[in-house]
Amino acid sequence: MKKIFKYFVVLMGGALLAGCDLDIAPADSLTGEQMSASPTGLVDILNGCYATMKDFPAGESGENYWWGRQYFQMADFASDDIVYGQKTPDDLNMIFRYDERAPQTGNFRSFWSINYKIIYTTNVALATIAKKEELSAEEQYLRGEALLIKAFCLHTLVKMYAKQYDPATAATDKGVIIRYDSTDAELKDRETVAETYAYILELLKQAETDMTEGSSERVNNKGFASLAAVQALLSRVYLFMQDWDKCIEYSTKVINNNNYALEDADSFPSYFTETFNRKETIWCMKFNQIDNKNSSAVASMIYKPGGGCWGEEGYSKSLLDEMNFSSEKYQGVDTRISFVCDINPKNGLNLYPCAKHSMQDGIPTLNSPVLFRLAEMYFNRAEANAHKGNKAEAIKDLNEIIKHRMDFAAAAAKGYTENSYYLTEANIKTDIVDLVLSQKRTEFSFEAHRLFDLLRNKKDIVRNYWGYHVDYVPNQSPGQEPGLSFPGVVTKYNYPRLVYPIPQQEKLNNPAVTQNEGYEN
Amino acid sequence: MSLLAGPVLLAQVTVRGEIKSSGDNQPLVGVGIMEKGTMNGVVSDMDGKYTITVKGPEAVLVFSSIGFKTDEIAVGNQRTINVTMQEDQQLLDEVVVLGYSSKTRGEITSAVTVVSEEKLKDVVTSDLGQMLQGKVAGVSVVNSSGQPGSATSVRVRGTSSMNAPQEPLYVVDGIIGGSYDPNDVETVTVLKDAGSTGMYGAQANGGVIVITTKHAKTDKIQFNFKANVGVAMADFDRQKQMDSRQLYQYYREYYRDPETGLVDDVAYQMAAPKSVMETNTDWRGLIFRPALVQNYHLSLMGRSDKNSFYSGVSYYDEQGSIKFTDYKKLNVRSNNTYFLTKWLNLTSNINLYADMKNEPDDLLIFYVGGGIVWDNPFDENGNPRPFANAKDIFSRNPINPMIGYSNRDKDQREMKSYGLDYDFVVDMKILPWLSFVSQTRATLSTYVFDYHRTADVEYMHPGDQVEGEQTLTYGGISTNMFKVDHSWGNHSFTGLLGYEAQRTWNQNIYGEGKGLPYGLYVLSVASTAKDVRGTKSVAGMQSIISQANYNYAQRYFLTGSFRVDQSSTFNRDNRTAMFPSVSAAWVISNEEFFDSAAITNLKLKTSWGRTGMKDIGASKYLEMFAYNTQYDNNSSAVATQMANPDLKWEQTDQFNVGLELGITDRASFDVNWYRNKTNDLLVYRDLPPSGGFSSQWQNLGSVINTGFEFSMDVTPILTRDFRWDANFSISYNKNWLTGFGEGVVITKSNYNGLAQVYHDDAELYTWYMREYSGVDPDTGRHQWIDENGEKTFDFSSARFIEAGSPLIPWQGGVSTAFSWKNFRLSSSGNFVWGNLVYGRRRASSLGSWVGNSLLPSNEDKIWRHPGDIATIGSPKYVPSANIDTGGLVPGNYFKIRNVTLSYTFPKSIMKNYGLTLALSCDNLATFTTVWGADPEVAFHMWADDVLTGVAGQIQGLDYRYPNKRQYIFQVNFTF
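Protein sequence lines correspond, in order, to chains A and B.
All residue numbers for the first sequence refer to numbering that gives the first Met the number 0, where the first residue is 0 and numbers rise by one.
All residue numbers for the second sequence refer to numbering that gives the first Met the number 0, where the first residue is 0 and numbers rise by one.
In isolation and in its complexed conformation, chain B is listed as follows (with noise of 0.2 Å):
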């Protein structure tokens, strides 16, 4: 296909040829081949081949495609060129989707980060922020579960509020919010500074990820057919259970007199008779398995003249460990554009998804994971049995909880979920310059729960259950834009203006009752105890968004948004905020007394901007009497909140400079400082509670948040046959309070008493607890240390220290592949450095009767006998509430996340089909200092504890499902 014909003269020359990418010596389809110097040019075909007719031997031709470096090849005598292009690792002229706009790498002028498709997808998991684990500077992502379709929580630069969320905001092919499933993903966009953030202002403070759906690049209809097949188990990491004999000698230790160090072995066997070392309980076993996991994927995309399309089926089916606990998951996506003429292109993408989730009782796991190897939850036929008024049961709690596991109909819980997400969005050509571009999503979810229990399930409720929950949800976004884009010499400008409206409706209702008939479980068959609950609530937003990017000769780069916010969150008074920032860069590669081969990329950048969080939930500045109570049957109304007319957006200050380095095609640098500003925190604040309230929604003080975050990305060789590419980040952020004034000490302490402290210079979520000093050696006693710093025994009298904070300053990723000929392995790990999690010393510490069989960890030791350097003292003196930083531990860890080895067949044997057989594992390993199930922490335990602020415990595998290792195969097929 001639772009334009030139003219024809005699001296003219055809060339023929064929093109073939160096990667897989396969033919490129869609190389434009340019005669240098002219307007005359073609694409290669189907099969990489090419015909030019150029003006003569003279003429050079330049061969571009996206992704290959570009080469000129002079045509002189040769009337057939075949060339091989070389792909380019620099991408600078790759489109990366900052969300309201695209730029090519080249023009970016704030800190992004770019994961492919490739890069992204080596683990096999529903969730992205588990795919993007360890493989952004500056994110860290927490798994905090194993729970098939539980969510990661995702911290783009540090935390920076107290109360308000920190989740980053989701941006789906361009529009804010949407549904998506990770294999229709392309690109992810981390925006990580105001540079970029600042056009999504009041929604932009935990970072935004831009997220790209898949379209046609080339005119062939491309099929594609992906399996993934697998076994998950539970990785229980260092947490090990004792057996019978084990734990009999570990409770030995309970009859030690610590005065003479002699057992009174009489007593225990009084307690503990020998005989019940024949019960040798293994819990876990009774309720974990090996699990099947299976994902399905199939896709087919192409364009033409007039439209592009890409569809795509997925199909994720998770068992858990945990037996009758599972994940499905169906999503449909569709994606068209139409090109109705040169100047409008209509697109219109829908996406459809199911979600269906049988989770466990959360009592379940706490029951198993405490459950005593002595006790035998069976009776003489196999059967299980109850415990409630069994006189031979050494577990504390009088409750079996195999009862509701023997039967899948006695204890379910099951969710699921269905949403739909159709984007319309109309692009057209105004003038030459002008654009309008309108862009609007139309969205409807909704969320069902279905719970019963029946009579005999044994947990701490009495008889049984049933209780059924739905949730709507449904609204709509609007951007509506004009969008400009000139160039004039060496000066280019592009730009934006907008308004943007977004509304969302809920409505949920929930019904619960007793006393059902046998094998029915259904809200209407309830007789007793029946009550019911609903509410609805709308939430609104309205927007002006503006935009403009100005840049000289490619090597001047400057870009300025500002964007106008309303919320409903606020008061009339307060509503209204703006979000203004700045960007610039300047490539030095690009000067013209910049002259160096090597260096291919050099550029400084830097940023300032605002963004905001507004996220709390509506009406917190509103006086509230509640009536979602009542008192025999009577209307009731409570005192739920106290006015805050004043309430406003917690806003952050950010600035970011950078520096990127590119070494011709071996090897890029990216290094990026940052500090940012968060003013007005919202804060849940402590009152006096004798005044009525005992906390109140107010803004308060600012956290600063500072760091650096470095990556590389290295080919150190590459040959015919072998490559290896090395990706290596690291980021450090620290973090500090401010503004809170002079004596003002807020303390925050959850349900199980863990205490932290904020005020000025102390970092987030400072532990605040008593200070510990081990096990006396002479005595056996557990030590803490008084208000005048000497050491005592007595608990009661221990001082309070502030005590380093959960907060992750250090933590990175890396990443290898090594591909030979058609094999390829990679893998890819993160680590955590430098963080204190408060872990619970359930089982290291023989403080109360047979609590549970978990093995104490190899570090600790039981004293004995005077004179023993021990961890866990005698119990005879320890005190039932024991929180002292005796709990906190380093929460350092490396995890190797993923490794996967992979064989392509080559195209010889295959033709024109492609098909690859890779075989991977997940979480293959942990090295850390934590003793526990999973040195993952999420940040908060309960929901609650966003409120309360106490961050950073682990969860004992006690209470929480634990992590899977997973061993995957999969064979990847496309035509």
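Next up, chain A with everything else stripped away, as it sits in the complex (with noise of 0.2 Å):
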């Protein structure tokens, strides 16, 4: 009787001891707090900001709805560059489909979210450092960077979610909620589009202070953000707010830095394999084979069928013409026309896939999407100059790009001279800025530029071909393209619906918010 007596007190008492401690802290994660006493707290979180654009955002059931997916496809595919050859029930639907989109779509809301996800954690960043009393070379440096990404990301939303910048409504045109700070969580409405950009530049500004003040090892990963960086985005940023000087200014810093060269005609074809490796790139996103986002990564979509890729878009028909795809002259020798790929059949159109985001380690699904490479510089000061009215520098800035992308070796064995491939004032037959933005578009189609060069010029959406992006039924079609008149085919640059919705999550619990004309609440 003694002896179990003795046994039930153990018994008894191993059991409260086991249950006393109820503290229990998750094995994955910190809290703030502890992230501020981490030595590496502030750069675990910058990073984070990079892992944040390249992951499967968390509690999101769709793979689908990452970063990178959107920030190509909602400004490509809505453009007039890329066939829709598939109908298909997925988010991106809506994107080729104007007056399909709704506030409740799927990935419009996930790319606010995890844009403003960015914001707020580099604004997290921003106060750690703030906390300090003295900085550091490195955490002045971080400072830059926290300021670029969060003034990267405010751009991103203005473009896509509020109307281009106009100088002569932006102080009445809203722009997007600025959130300034890690505790600024208030329910508000959005800044104007004018007090966006303001505050876009200012954070520029500082940041291009910190990172030329600064110093970080990081510097030589181009999978990181950059005082290149910093300038590239002012270059645009100023472009974008016609602010033709500064724009000109800003992308002559850039062109002028030395780290920094266009690719040749013989790198160029194999230059989205190893973006993270090249003397073009500025900014890229860097995705190692673990980060590969399979059948969701943007290549799936136009990229040939097999791999992960369904091969479902293509090169619009205006696009391969601007391109002189089927000009002799130009193939083989235009190292820009290697990125399509052969034709694929799909339902009655002829889809050309395209390889800019494919193939880094020979895998058909993963790249290192760009954010700004060399070459965008080229192209911004010469649309600048161009509104200035400066052709001659327009088109020397073109030239340059066309130097290093044609291979005149080719040429000269096809009989055609390099100087034959060249833009002089004497050939140029069209509006000097058109010919700015039709250079453009042959350089960076499937690179999240066209949609926004076409508005901010307020130049008109043309899509004169077969897709579903009309009332298309395979075979049935006529086999003309379809006419300008029809319905369809062309949308005014100002139509409402070319701006995004504001989400309804946000405006659901966010009653402050102003939503986009043309869009219910």
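These are calculated hints, taken from the structure and not from any lab test.
None of the values given here were measured: they were computed from a predicted structure.
Treat the hints with care, since some could be wrong.
[Unchecked claim] 27 Å max Cα-Cα, derived DSS-like pairs, lysine-lysine:
id	chain 1	residue 1	chain 2	residue 2
1	B	K619	A	K506
2	B	K273	B	K239
3	A	K316	B	K875
4	B	K529	A	K285
5	A	K491	B	K875
6	B	K390	A	K316
Could you use the hints to bring the two separately framed chains together as a complex?
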């Protein structure tokens, strides 16, 4: 009996001990307080911003909702560059078909949310830095990086979810919600476009100072933002703001930076398979094999079928024409044509897949998407000069690109001289701005530029080719391409639904926010 | 064996006799024979024989045995009294296990349903939930997959939470948690109201299911062998596939000009030449098969003065109706109780199991389900050919699922789990009225997942892949309590007071890689893209439990319980919660004034109590920067969760009132009405994303569930040879939200854009979608209703409306059994009525060119010419995204779950052996309004849907493993 009693006491006591400690911390996370105490906390939070751009978002059931997919699709699929070749209930349908867009659409919501998550994270990093009394060179550099990422996300948001900057109306047009610091979570409306851009500039100027004065070893990794990325974004933002002189100033700063150079005709065709190693890249999202997004990758919709890709979209006919795709003179000479894959017939459409987001390490769905590369600076400067009427300056920059993209040896073999590819003031028949846009389209298709290039310049979107952006029935629609009067072909630049809707989730939980024109709340 | 020898008197008379049971006319062992008004008594022996010496002819013998009606016979001049005992259907003395304590059925004061072994095991399955389907009023069981080894989802009395789990708490042999094999189960008790679940406090919001495994009841050593062997086939129900010719006719409509009504056959034949009809691939036939189902169970039990034992071994082996899928389970149980002294019993139970499952690739069903009959998956040599660059393929996806399917090694997904539960129970009588009970369970389980795919397999993944995962879970729970049991006069009191602690550790490791050499498939051989993940977690809880029961003269019953729980789930300040309950019953039929021979039981009962829910996962109140990712191989912290230090328990206040009525031994009725209010709902609430977080766990609002349950068991016919039993149950549940506050409207939408809305007075999971208005007979265009209530052809201007809920209001079950001599024919079924489910209209809209080969339902009609009343409009105008009320269908169904015919060989042939043969069919027929593979809808289609809060979407056959119909032959042998 005594023995048994002893045993009970042990049993009971053991149970009490085991149950006592109920403070259990997660094994894979830290709290904000712990982050501040961690010696690497600041760097880790900043790295988290980049990781958020490349990862499947936590708490979303759709793998298609990761940031990079929307960054490219919401820009390019809405433009005149890409054929919608297979009708799908996927949210990407609403990018092509403006009238089916709604505040409920998931991809518009997720992209909005992830951008703001990154902005919040940069604010946490900035708050951590703000607590320090004196900054090391590294910390100052990191502050610049945080400011740049914040500015980049804000600009990404404002170009998608608001009307393009128009000096005449920017002071009254609604921009986006600005979150000034990590405690700023109040329910509020969007600032104006002018205020949004002013704030972006403010962030970028501080970033430029910080990254000039500070220093970090990260500068050698193109997966991280750098001083040149700050200046490249300044060039882009000034271009959007139509501040031509500032745009030229910042474009020139980057062009004159010896760390970067244009690829040549022999290296450009393989450029997109290792963007992070190339001299032309200013900033890319670094993907490793374990980051492969497989059938949710940017390539999954535009690359040829198989290996995780559906091959449902392709180069539009108007883009191919602009690229001189069918011209014997350019085939095998213009390296940009090398990204056009073999024809992939689908639903009676001749789809030409695109290889720009594929084949890093030989994997169809893997690449490290470029956010800024040097060629854009030439085009920004050219466009600014074109608007200023400096034709010669503009043409000089365009020719610089041509020089680096044409395989003149191949041209010579065909009997064409190098000079026959260059632009001269004499042989230009179109408007100089149109010429810049046409050249840029050839260079930057599938790289998230075209839609904004058109809208900024108040150019209508003309999709005069067959595809599911119009009501298309395979093999029934007449052989000729649809005319300009066919419903859905021409969309005015100021058609309200070209601006993405403020997501319903924001509107429902933040009633102060103003919805964009053309959408019910 | 004489219990107590009486004084020897001259007038003594010795009576002998034999006792048989009325059911099978077999000798009854262990019947108590008492001389009325004395302490003199004996029990019947192995052959049902007894000898008793009574004080004289005036003595009256009382024959009693559990499960039989007590008989009283005056001795008179008889010296031999043979008795045939009548089975007692009321079973008021039957012991009902309630978890921490047991009561006789007569003492119960709350809503409790007991399912006996016999009722439970008509269907052959490895899952207990399927066995309960339709058998307990107020309990809904959804079995949404026919995949071997798949689990059901069980809901007790409706749904009381938006985002927190709803599964009931399982208690095995008195201890929370645990493992068991259904073959070893003796009874299942479902605790439905807080009168009984209150004892489980924070874990009991979803109700409690108490499982008791077998133990020996007689001294006889009993051996039982049961074998089930059968064949299972996929049940596609109303979802049929078109053949080549039908599909060709169907898509011809795609080329009809809605204005002229003419079909452009030239264009059609350019897109799909008539020659496509030469191929007629039976995609289902390629992967489905009649599958073998086997279950063998061997058990041995017996008891003596010193110990009682039960051992059971079960082997379950189910092939999937999809080739290369299967499920095997081996379970071993050993229950041992040692009666060490008069005051000390020790119980040592152990249960061991091994589960092995081969799953199909989740995409196999998708691609086969969407297979186009015109596509030939094989080349001229009969080998699977790649679709990726084939030009003659109509399938939307450039994928031939048959490649991965051609050889088992190409695409394999294997899951194994092994586990051990060891229970140690000490039951010590300290004083005649006081005992101490200590029950402890140690649990260890491991889960192993292996996956590999070779590079040539065509799914939407590039290249090959190997994945491996292992999870180890271990922990324990210990309950130590003092129990009191005392009676004086007409008063009787029982009670308990104790302390319980539980803690579970979990660790997980996962690896993956690519670049496999030919023929090798383990992680080590991967050459690229290697990734590793792993984490650890701990969860703990401690509780004080108490209960008191009082009854007066078996007429008035009062029970109260009080539990205090502390859990690691919440912040220090919100960690503790209290869960009281009270219940009472008045047994009117035991009142002296109540005198009715017909009404043997009339009881009024009521209860009030509180339960809670905490299982939302660890640390949901903390601010979190998660380190489970990297950027270019650098440590990265991602802000994944915003702090909410105020997060606390979701609690339900439950009220129940019920009435039990028993009429002789032929009929019993039980009716209950309840009203449960769940407060401080744990809501994964949307935030304005511009603040940096899309959602957060918060406590918000309440949900009320109210309804009634009615069940009846009747035996309309009972003769010597023939017996008819019938059971029927029906329940109704109504559900609405309250306390969200004015103007608070929460909308949740899932990946597919399917949305549901939450606000005051709305039902949980209320559909929120665009209003559909049918096909316009004049133009063939689909129509919707716009903001002004006008019809419109423009989908995007259609208004959103609230349109019912997938929650089930009416449901019930019916079962019946006829016994004639040694034959028995039984059947059971269940029904659901009044809910609205969303079924994707994939097959019934011509929205996209050759999407799949599924045959539209009989109710569908294609629009061809102006004036046609149709459900399928002209394809020209179908929007791609078409989630609207047109996709909602009533989820009504009635299913015949099981029909069994059995024959028990008579004792006259079998002597001391027992042998029963049975033939049965599970899932015999379904009558339903739902077009689709199966009307049973899993509440949450994907795991993440629990968080998005969207429930009730039917998975088309193209996404889910179809249910099955099976035919089983059973042999049950006992000696």
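Hint by hint, here is what the structure shows:
1. Annotation: proposed proximity of B:K619 to A:K506 holds, straight-line Cα distance about 26 Å (limit 27 Å).
2. A hinted pair counts as satisfied when its Cα atoms are at most 27 Å apart, and B:K273 with B:K239 qualifies at roughly 23 Å.
3. Of the pairs offered as hints, the one joining A:K316 and B:K875 holds, with about 24 Å between alpha carbons and a cut-off of 27 Å not exceeded.
4. The hinted pair formed by B:K529 and A:K285 meets the criterion: a straight-line CA distance of about 17 Å does not exceed 27 Å.
5. Annotation: proposed proximity of A:K491 to B:K875 holds, straight-line Cα distance about 25 Å (limit 27 Å).
6. With a C-alpha separation of about 22 Å, the suggested pairing of B:K390 with A:K316 holds against the 27 Å cut-off.
Going down the numbered hints, you'll see the structure goes against none, and every one checks out.
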